[in-house]
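Respectively, the protein sequence lines represent chains A and B. With this note's numbering, letter number 322 in the first sequence gets 322, and the count goes up by one each step, no holes. With this note's numbering, letter number 158 in the second sequence gets 158, and the count goes up by one each step, no holes.
One or more hints might be untrue.
In silico DSS-like pairs for lysine-lysine, Cα to Cα no more than 30 angstroms straight-line [to be verified]:
hint	chain 1	residue 1	chain 2	residue 2
1	A	Lys39	B	Lys354
2	A	Lys110	B	Lys218
3	B	Lys218	A	Lys42
4	B	Lys161	B	Lys237
5	B	Lys377	A	Lys290
6	A	Lys180	A	Lys199
7	A	Lys318	A	Lys303
8	A	Lys51	B	Lys52
9	B	Lys377	A	Lys253
10	B	Lys78	B	Lys321
11	A	Lys252	A	Lys290
12	A	Lys226	A	Lys110
13	A	Lys219	A	Lys199
14	B	Lys185	A	Lys110
15	A	Lys303	A	Lys290
16	A	Lys39	A	Lys303
17	A	Lys39	A	Lys199
18	B	Lys218	B	Lys185
19	B	Lys185	A	Lys51
20	B	Lys185	B	Lys321
21	A	Lys42	B	Lys185
22	A	Lys51	B	Lys161
23	B	Lys161	A	Lys110
24	B	Lys339	B	Lys64
25	A	Lys303	A	Lys252
26	B	Lys321	B	Lys52
27	A	Lys318	A	Lys290
28	A	Lys199	A	Lys318
29	B	Lys161	B	Lys354
30	B	Lys377	A	Lys199
31	B	Lys52	A	Lys110
32	A	Lys252	B	Lys64
33	A	Lys39	B	Lys185
34	B	Lys377	B	Lys354
35	A	Lys51	B	Lys280
36	B	Lys321	B	Lys237
Worth flagging that the hints you see were computed from the coordinates, not collected in a lab.
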Amino acid sequence: MAVITMREALNQAMREEMRRDEGVFLMGEEVAAYQGAYKVSKGLLEEFGDKRVVDSPITELGFAGLGVGAAMVGLRPIIEFMTFNFSILATDQIINSAAKMRYMSGGQFKIPIVFRGPNGSAFQVSSQHSQALESWYAHFPGLKVVMPSTPADAKGLLKSAIRDNDPVIFLEQERMYGNKGEVPDEEDFLVPLGVADVKREGTDCTVVARSMTVPLALKAAEELEKQGVSVEVIDPRTIRPLDIETIVNSVKKTNRVVIAEESHAFCGVGAELSAQIMEHAFDYLDAPVKRLSGADAPMPYAKNLERLALPDVERIVKAVREVSYLD
Amino acid sequence: MSELKVTPMRPRTQSEGASAGAGVAEERDERDRIDPAELQDEHEQRHQEQLKHIEHVDNETLLKMLYQMVLIRRFEEKSAESYTLGKIGGFCHLYIGQEAVAVGTLSALRPDDYVLTSYRDHGHALVMGTSPDEVMAELYGKIGGCSKGKGGSMHLFDADKHFLGGHGIVGGQIPLATGVAYATKYRGTDQATLVFFGEAAVNQGAFHESLNMAQLWKLPCVYICENNQYGMGTSLKRAMSISDVSQKAVAYGMAAEFVDGMDVLAVRAATERALERARKEYLPSLLEIRTYRFMGHSMSDPGHYRTRAEIERYQERDPIKVFGDNLREKGLLDDAGLKEIEGRVRAEVEHAVKFADESPEPPPEELFTDIYANPIKK
Numbered sequence: 001m002a003v004i005t006m007r008e009a010l011n012q013a014m015r016e017e018m019r020r021d022e023g024v025f026l027m028g029e030e031v032a033a034y035q036g037a038y039k040v041s042k043g044l045l046e047e048f049g050d051k052r053v054v055d056s057p058i059t060e061l062g063f064a065g066l067g068v069g070a071a072m073v074g075l076r077p078i079i080e081f082m083t084f085n086f087s088i089l090a091t092d093q094i095i096n097s098a099a100k101m102r103y104m105s106g107g108q109f110k111i112p113i114v115f116r117g118p119n120g121s122a123f124q125v126s127s128q129h130s131q132a133l134e135s136w137y138a139h140f141p142g143l144k145v146v147m148p149s150t151p152a153d154a155k156g157l158l159k160s161a162i163r164d165n166d167p168v169i170f171l172e173q174e175r176m177y178g179n180k181g182e183v184p185d186e187e188d189f190l191v192p193l194g195v196a197d198v199k200r201e202g203t204d205c206t207v208v209a210r211s212m213t214v215p216l217a218l219k220a221a222e223e224l225e226k227q228g229v230s231v232e233v234i235d236p237r238t239i240r241p242l243d244i245e246t247i248v249n250s251v252k253k254t255n256r257v258v259i260a261e262e263s264h265a266f267c268g269v270g271a272e273l274s275a276q277i278m279e280h281a282f283d284y285l286d287a288p289v290k291r292l293s294g295a296d297a298p299m300p301y302a303k304n305l306e307r308l309a310l311p312d313v314e315r316i317v318k319a320v321r322e323v324s325y326l327d
Numbered sequence: 001m002s003e004l005k006v007t008p009m010r011p012r013t014q015s016e017g018a019s020a021g022a023g024v025a026e027e028r029d030e031r032d033r034i035d036p037a038e039l040q041d042e043h044e045q046r047h048q049e050q051l052k053h054i055e056h057v058d059n060e061t062l063l064k065m066l067y068q069m070v071l072i073r074r075f076e077e078k079s080a081e082s083y084t085l086g087k088i089g090g091f092c093h094l095y096i097g098q099e100a101v102a103v104g105t106l107s108a109l110r111p112d113d114y115v116l117t118s119y120r121d122h123g124h125a126l127v128m129g130t131s132p133d134e135v136m137a138e139l140y141g142k143i144g145g146c147s148k149g150k151g152g153s154m155h156l157f158d159a160d161k162h163f164l165g166g167h168g169i170v171g172g173q174i175p176l177a178t179g180v181a182y183a184t185k186y187r188g189t190d191q192a193t194l195v196f197f198g199e200a201a202v203n204q205g206a207f208h209e210s211l212n213m214a215q216l217w218k219l220p221c222v223y224i225c226e227n228n229q230y231g232m233g234t235s236l237k238r239a240m241s242i243s244d245v246s247q248k249a250v251a252y253g254m255a256a257e258f259v260d261g262m263d264v265l266a267v268r269a270a271t272e273r274a275l276e277r278a279r280k281e282y283l284p285s286l287l288e289i290r291t292y293r294f295m296g297h298s299m300s301d302p303g304h305y306r307t308r309a310e311i312e313r314y315q316e317r318d319p320i321k322v323f324g325d326n327l328r329e330k331g332l333l334d335d336a337g338l339k340e341i342e343g344r345v346r347a348e349v350e351h352a353v354k355f356a357d358e359s360p361e362p363p364p365e366e367l368f369t370d371i372y373a374n375p376i377k378k
């Protein structure tokens, strides 16, 4: 097993898939000559050339639509948004074209495109650059939404996403690009979409976390272990389609749930999880589902305020204790 | 930037004091008030050019083009009828008056070229080869429709014929087409992509983003603006600071041409020039094809924004009448020939209505099919 960073894992995934299939190409701002704004595409231009690794103008709506058009006739584009905040400009093409093309044509087209890039908080980049958009995109049938939290998941899921014949919104996290983790040395390591992962087993409380909150939840679980509380951490990995079965099985075991997320609570993925848990496991709950979400405010610049706006280990610990009626 | 040969017809420029008045048809620009005497020379010159164009095209193609224009016209008239009978729901955007654009442009294509257009797509679908049966059934929302009844009037698609739709968001098809052209160049083939949009779409950011990328990366895409002079109820004078659409290409260093859209062979010739550039040099072009829709924006448009007189003036230049008259002058068409064409068209359109009426509604399961190519079940 190799120990590599999240960014190296993503780089390997793209490299392997581009070697495997001539139709895969990467387009985005600074992905080629600059080696990637966050260095995720480092070295790809050198290996594959400028036909397959393409620096685009700052023209998100245009190049997102270009990607969808290319996908309609059989190429497999990877469209990078420097951050998903900028994907908002491209939303018309993602939601009205990519998500709908197959359905409104009665099944005549498939759109094997991946839109990827960092999503959610960064370091003091203020409100326009810190948005978590997963619930936006997960709202629409026709899209798949993936959020890896480890290098292994990132590599395996990105490879699967590229091979998937549907539009995949692949949400990374800038603050995790440097995180290290073990990645299997297999020649073709794939992680399937639509399958949640039990990141840590436990018996007293389930914490459903995703992306940035997964390492936080794992740290919180270690803290809680010392306090005599056994926490199970579930990482859905794919938001849509959601593997609710794995989550519900956990709730049936522990009877308590905390959802830890960076996004706002209102209409966030946590709201969806709460509704589905209530629907499928109502009789198993010993306490209401607790959502620990990002503050209901635009992200502030000031360091202390930003810290207040996001879930952290301390607050996850507190939330678990709360649903366990321990304080 | 290389120059395309520009046809003699010049676009009318907007007057200095263009009014920004209300939606009701206002006092027309002086030059729109056509003085027959002044324009007689120009009309005659155009007439002579049209006759010359006919000499460059074989008879079979000429008659096929006339047939297609008549087919579109009768099909659209029948659609209007069906709409008022409640058999077609939602939006229905008719192509009446613009037939020369679809027929002229698409007559220059190879079967392996690609086409995308807006929601005013019935004409394009028919010329690309989708059967009138499948188009009418789609309008009726039946399973026999080209999109299995799940698209409707605005979303006709025919993958086999390389007709890539039928798009509802104004200008949404423009970046898509740019991507299709990107893909054909990526693969090293000489296929071309044509994308149609109205003049109002030219104000969308997506148009500008696409033209920039196409010229920057040399993509074989032909951008065709069907300028029917009204974006729904807004005349182009009220929507554009510069109403000469072909001039927009200057900002991108792209070749452009202004074309008389009531003259089907002028449209064909301009398209051939643009296709040559796309295939031989991978260079894009912008064609502004000036045309006119005789009906409203859609079936629900009361049309208060233009005068009856203006519509009638354009109907004198009905592209089917103009083409038909020219073919007669050249001895290629007579009353019997036209009657035969109308008869065949009537039969096709009536068959389409029958097919659509008899085609079943999509079964309930169809609500949930075709959402994903790789559905993930647990």
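Q | Given pair status - Lys321 of chain B, Lys78 of chain B, alpha carbons within 30 angstroms | A | Within the cut-off at roughly 19 angstroms; holds.
### Query
Given the hinted pair Lys161 of chain B and Lys110 of chain A, is their alpha-carbon gap at most 30 angstroms?
holds (16 angstroms)
- Item | Satisfaction of hint between Lys52 of chain B and Lys51 of chain A, Cα-Cα up to 30 angstroms | The given pair, whose Cα atoms are some 44 angstroms apart, is violated under the 30 angstroms limit.
Is Lys377 of chain B close enough to Lys354 of chain B, meaning Cα to Cα at most 30 angstroms? With Cα atoms ~39 angstroms apart, Lys377 of chain B and Lys354 of chain B exceed 30 angstroms; violated.
task = Please work out if Lys199 of chain A and Lys318 of chain A have their alpha carbons no farther apart than 30 angstroms.
result = Distance of about 20 angstroms is within 30 angstroms: holds.
Just to be careful, I want the Cα atoms of Lys39 of chain A and Lys354 of chain B compared with a cutoff of 30 angstroms; is the pair within it? violated (61 angstroms)
Lys42 of chain A and Lys185 of chain B: Cα distance at most 30 angstroms?
Cα-Cα ~25 angstroms, so holds.
Are the Cα positions of Lys51 of chain A and Lys280 of chain B separated by 30 angstroms at most?
-> Cα-Cα ~19 angstroms, so holds.
Take the C-alpha atoms of Lys39 of chain A and Lys185 of chain B, compute the straight-line distance between them, and say whether it is at most 30 angstroms.
holds (28 angstroms)
Taking only the CA atoms, is the gap from Lys110 of chain A to Lys218 of chain B under or equal to 30 angstroms?
holds (26 angstroms)
> Does Lys52 of chain B lie within 30 angstroms of Lys321 of chain B when you go C-alpha to C-alpha?
Replying inline: holds (17 angstroms)
> Are the Cα positions of Lys321 of chain B and Lys237 of chain B separated by 30 angstroms at most?
Replying inline: holds (28 angstroms)
Violated hints for the displayed structure, listed by number in ascending order: 1, 4, 8, 12, 20, 25, 31, 32 and 34.
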